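Colleague: Heads up: the protein sequence lines correspond to chains A and B, in order.
According to my numbering, the first sequence is numbered sequentially starting from 7.
According to my numbering, the second sequence is numbered sequentially starting from -19.
No lab work stands behind these hints: they were computed from the structure.
Computed from a predicted model, the values in this text were never measured in an experiment.
Hints may be right or wrong, so weigh each one.
In silico BS3-like links for lysine-lysine, alpha-carbon gap of 25 Å or less [claimed, not checked]: (1) A/K52 with A/K37; (2) B/K62 with A/K110; (3) A/K52 with A/K110; (4) B/K62 with A/K113; (5) A/K113 with A/K52; (6) A/K103 with A/K113.
Here's a subset of chain A near chain B, in silico, CB distances under 7 Å, partners left out [what the hints assert, rightly or not]: (7) I20; (8) L22; (9) G26; (10) F50; (11) C58; (12) G60; (13) D68; (14) A116; (15) L123.
Here a beta-carbon is modelled for each residue, glycine too, at the ideal position from N, C-alpha and C.
This is what each chain is made of:
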Amino acid sequence: MNRNKTIEDECYYIGLGFAGLGLIGCFIYFKFIVPILPDSSCFFWKVFGLYCPGCGGTRAVDALVHGHILQSLWYHPLVIYTVVVFGGFMLTNTMRKFHILHIKGWKFHAWQLYGALVIVLCNWILKNILLLCYHITL
Amino acid sequence: MDGQNFENEQNTTVEAEQSNHYQDNTATWVPPVYAEPAQQNQSNALAIVSLVMGILSIVFACCYGIGIVFGIAGIICAVIGKKNGTSGIRTAGLICSIIGTILSVLMILYVILVFAAVFTNPEMKDLIQSYENM
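Chain A extracted, bound-state conformation (with noise of 0.2 Å):
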């Protein structure tokens, strides 16, 4: 039977190669690349003494896991926004796929991907002023 997939389907499986690449991304970062850094912290942060765009997202990382949300929304809310709508998509979307508990999936917005950019952008202007003006670091 040839079933017209939705953007949800193609969402779906667009998801689960990135959540593999991550995985394999994050294997290769933690087991070969960082034995070989000399440090681990931020290049951009050390030569230009501002936050990149991405200061802070391991320090959210770690957080996150070890529970603290509210110091993870501190240190980088794209780590939050991220396991929210990308995890409770994919979460959903596997079990409407398997019919547990008759789960309709998450629809796939755009706000949900311009959002991702806003806090991105947000977060770093936010950061460097706090920095900058105030000499509130991470």
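Dock chain B against chain A, hints included.
Modeller: Then chain B, alone, in the frame of chain A:
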């Protein structure tokens, strides 16, 4: 007898015509084509991948230029997706990927320059060491 045969012949030709008409109608009927939504989905999927790659390229641009991988992938997805139609997500993905790629290239050049300076000039090495110990 002849008249009866003629009537029978007429009846059979009318039936044949009717059946032909029926067959003609089914033969000329064209089933609806559903290729358009699938193509649209493919376009949307590539646009979404492009924007995700663009965001990742900006986030990872300053991490020793790793963002260049995501940036180039995002640009490729946006260009391929353009053939199937345009959308705001695709345009945003293309812009973000280009910004991320440019930032990554600048960062890679800067890293190369700094490492070259460190390896060629021992004073720079001491300077960076003292900076790290601050």
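Colleague: Each hint needs a verdict: does it hold in this structure or not?
Modeller: Status of the hints after comparison with the structure:
Of the supplied pair hints, the one linking A/K52 and A/K37 holds, its CA atoms being roughly 24 Å apart against a limit of 25 Å. Among the hinted pairs, B/K62 with A/K110 is inconsistent with the structure: their alpha-carbon atoms are about 31 Å apart, more than 25 Å. A distance of roughly 47 Å separates the Cα atoms of A/K52 and A/K110; the hinted pair therefore is violated under the 25 Å criterion. Taking the CA atoms of B/K62 and A/K113, the gap is about 24 Å. The hint holds against a cut of 25 Å.
Among the hinted pairs, A/K113 with A/K52 is inconsistent with the structure: their alpha-carbon atoms are about 41 Å apart, more than 25 Å. As the CA atoms of A/K103 and A/K113 are separated by approximately 13 Å, the hinted pair is consistent with the 25 Å bound. With its C-beta approaching chain B no nearer than about 6 Å, A/I20 sits inside the 7 Å limit, and its interface hint holds. Among the interface hints, the one on A/L22 is violated; its C-beta lies about 13 Å from the nearest C-beta in chain B, farther than the 7 Å criterion.
For A/G26, the suggested interface contact is broken, since its CB lies about 14 Å from the closest CB of chain B, more than 7 Å. The closest approach between the C-beta of A/F50 and any C-beta of chain B is roughly 4 Å, which is under the 7 Å cut-off, so the hint is satisfied. Because the beta carbon of A/C58 sits about 3 Å from the nearest beta carbon in chain B, less than 7 Å, this interface hint is met. Annotation: interface hint on A/G60 holds; nearest CB of chain B at approximately 4 Å, less than 7 Å.
At its closest, the beta carbon of A/D68 sits 16 Å from a beta carbon of chain B; the interface hint therefore is violated under the 7 Å criterion. Satisfaction of the interface hint for A/A116 is found here, the shortest Cβ-Cβ separation to chain B being roughly 6 Å, below the 7 Å cut-off. Here the hint on A/L123 is kept, as its CB sits about 6 Å from the closest CB of chain B, short of 7 Å.
When the structure is compared with the earlier hints, violations turn up for hints 2, 3, 5, 8, 9 and 13 and for no others.
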